Amino acid sequence: MKYRSAFDIIGPVMIGPSSSHTAGAARIGRVARTLFNRLPKKAVISLYGSFAKTYKGHGTDVAIVGGLLDFDTFDERIPTSLQLAEEAGMEVVFQVEDTVTEHPNTVRINLYDNQGDLEVVGISIGGGTIEITELNSFELKLSGEHPAILVVHNDQFGVISAVTQILANHEINIGHMEVSRKEKGKMALMVIEVDQKIDQEIMTEIEKLPNVTQTIRMVD
Amino acid sequence: MLFRNVAELVELAESKQVKIAEIMIQQEIEVTGLSREEIIAKMDRNLTVMEQAVERGLNGVTSVSGLTGGDAVLLQKYIQSGKALSGNILLDAVSKAVATNEVNAAMGTICATPTAGSAGVVPGTLFAVKEVLNPTRMEMIEFLFTSAAFGFVVANNASISGAAGGCQAEVGSASGMAAASIVELAGGTPRQAAEAMAITLKNMLGLVCDPVAGLVEVPCVKRNAMGASNAMTAADMALAGITSRIPCDEVIHAMFLIGQSMPSALRETAEGGLAATPTGRRLEAEIFEKKN
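Here the protein sequences line up with chains B and V, keeping their order. Quick note on the UniProt record's numbering: the first sequence kicks off at 1 and runs consecutively. Quick note on the UniProt record's numbering: the second sequence kicks off at 1 and runs consecutively.
The shape of chain V in the complex, shown without the other chains (with noise of 0.2 Å):
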């Protein structure tokens, strides 16, 4: 192994004098033998998957319950309707974020990015940015690697599973993923990539998992709304050289403390939060009626 921690992933950067992408290359390389071209040529194949997901969300889909779906759609014509408050970059990435969760929620094909439930985040603001900084294919693959990077720490230091730790570790980590991406992609140093992700997770420490009816929509495909735009600010953030009090090795162990803490009711078991109000407990009645 190259790096165990962001600390390490950062200075390896720095002394090598590369991107993040290359120390998440290089890593793959050493640990799975296979060639360069083998490891780009399978980023691709997953960023295909992407693309293709979030256009399918884009033309509306509707999830097999009726909970999701449709919401992508909403979002872009009100952007194209020029009334938009919160610029157009961030509410593209949002909205793509919603098409890729709601493809997912009707069991569509997505690629999980650390997970499905948090697929919307890194995918959505990549192709939100894509519009402004206009990268090159293989800088769109090197997007993913940066986020497959972090994502790598979080997921063996603390977690990426909400049934472990709560929705900090899916969407949270997701969109501390694709903030450092962000900055990385818009030419940020690998120290301005690790104050993004670290400032995106410090704001959604604490997220529960507690999804209606047990199902991957709600609250779960709003929550990558916000993961993006999350992501988005954190990196537009860091980029202006604001810095994290709390490094980001240590905000990954909070994490992690936090998700050990949770209640179990509170960990993708539909037992507590979301799922334990009143509506949320009328429309698992409904779905499951329905199904039987």
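Just chain B, with the same shape it has in the complex (with noise of 0.2 Å):
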């Protein structure tokens, strides 16, 4: 079931003048910006298929920076984020892309400042829901619209028991899990949506664990 709930078909309350190509792509930005967890220097925008050829005409950059700089689907900053980016001194670059890829609402985001860099690829799959497919190259998929905790990790027995090990202490349900890996015993990732709410204290707990190398986690 992509859609969960009935607000995902009356709703979300937004600035026009499309669902998928304004709201969904504002939605993308913004869980590209918490992944990051600040507001980046410099953004490389790539957009595929309808995105691509139809953005200027739907807002879907300013849709997209708007979600950078936080902004929800129905903020009226929307219209003027390109200027607000600049503003805030994030530099923000488009692409347009010819590859045709799986869905027709595809975007690549790149974040960069001097502490790091971020790769997300979400698609927009209609009437403002999401779907996070790619973080650094794992494919994963990520709705942005519950609470997860995404755990980068050495490709090791005993990893994954151990974080939810964490989890079951602390009285937290598993709604979504899934690994994956780019080659056997190198890096991994864990992507697992929750249903309630993540204290800091956890992922203090979860980033002490051997083998763990990162964790990132995303407020609903």
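Within a straight-line C-alpha distance of at most 27 Å, the following computed DSS-like cross-link-like pairs (lysine-lysine) qualify:
| no. | chain 1 | residue 1 | chain 2 | residue 2 |
| --- | --- | --- | --- | --- |
| 1 | V | 42 | V | 16 |
| 2 | B | 184 | B | 141 |
| 3 | V | 42 | B | 197 |
| 4 | B | 141 | B | 197 |
| 5 | V | 222 | B | 56 |
| 6 | V | 202 | B | 2 |
| 7 | B | 2 | V | 42 |
| 8 | V | 202 | V | 130 |
| 9 | B | 197 | B | 2 |
| 10 | B | 141 | B | 182 |
| 11 | V | 77 | V | 130 |
| 12 | B | 141 | B | 2 |
To be clear, the hints were calculated from the coordinates, so they are not data collected in a lab. Since we're looking at a predicted model, the values are computed, not measured.
Dock the two chains into a complex; use the hints.
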């Protein structure tokens, strides 16, 4: 089930004109911002398919940048986000790509600053609902609608059970979980969508585990 | 999940002897863990956004491109002249659907139902039938939950995205949802609501998504107008006892398959259909010249 809630259908409340190309685009930008956890110095935004063909008319560009500035879908600053980004010191580059992607509304966002960089691929599947399909070239599936924990770890036995044990100890229920890796025995990524709020204390506990290299918390 | 398709939805409502809206509310409680009061308050806020958008549109707006705006006002004036041929309630629904989409095109605040490009049909028909059926606030909120239930089935079994399934998936879905909600608000049965959805969607199958210049304006605003009138007519047909020979779930599946076989040029790429007409291309050139 791609759509879970009545409010995926009646909603979101948003600035027009397109739920997929404006609201969905803003949501992908905002998830990227949350994953990066700060305002990037530079954002390279690559648009594919229908996004590439119609982004100007739909305000997809201002919506993604609005999301990167942490604006919600109904934020009335979205139409002026390009100027606001410039004022905030974020350089924005748009690239129109010809490559045919699996979903027609696909965007790749690369964020940079002197502390690091992040690559996110998102798709807008209709009515404002989105999925993040790639993070730093790991394949994943993340809706951005639920609290989630992302754990980058070494592909070794016992890491998954150690992480889930911590969540169990804190009585956190897992709604969706997946693990992907680039190569056997190398780096792997755990994506855990949960039903409860995740406190910083839990994140610190997970970070201290052996073989865990990085954690990211996604808040609702 | 309480239901996965329209047949299960109707059966549930019949066996529990409740409205379809109530089944949607119960499922929402189960899925989100929120209380009934919180869920109803959330929908109440969406209803308020819809009211404000219609009101703003009826006062007259113009889009940034200048392609759309002002038609809702023209239609209201025409209704008031007393010369309207197709009935005041029908035209009121049409003008309120247009009003919402004109606000959307002007980058105003709207509530997607199920998408922004098709945001006019559900509120447009609701606020028109409101004038004759005098519903309570709660009944208006239920109207939206009934729409949500049908839209939920379409979104999960087919598509509500123009880029994936064409306009039939957007305005087609919205019109089917609205038709079902009108039936339920007018006192029809859950089965009649499903018939209305089926009748509406059948008549919007194959509708392509071909926006001029890629903007959600031409033909989107007028497609919402026709979607609203389609929904009103289908609702009346279902309330009269007319049924669809093809069951609602099969119509939804047909819509999905048609969307799958639709060429990319007709799925929100602005490469075919009305977007590719000489006038469509000229307008596109003029708009982007003005913008740059």
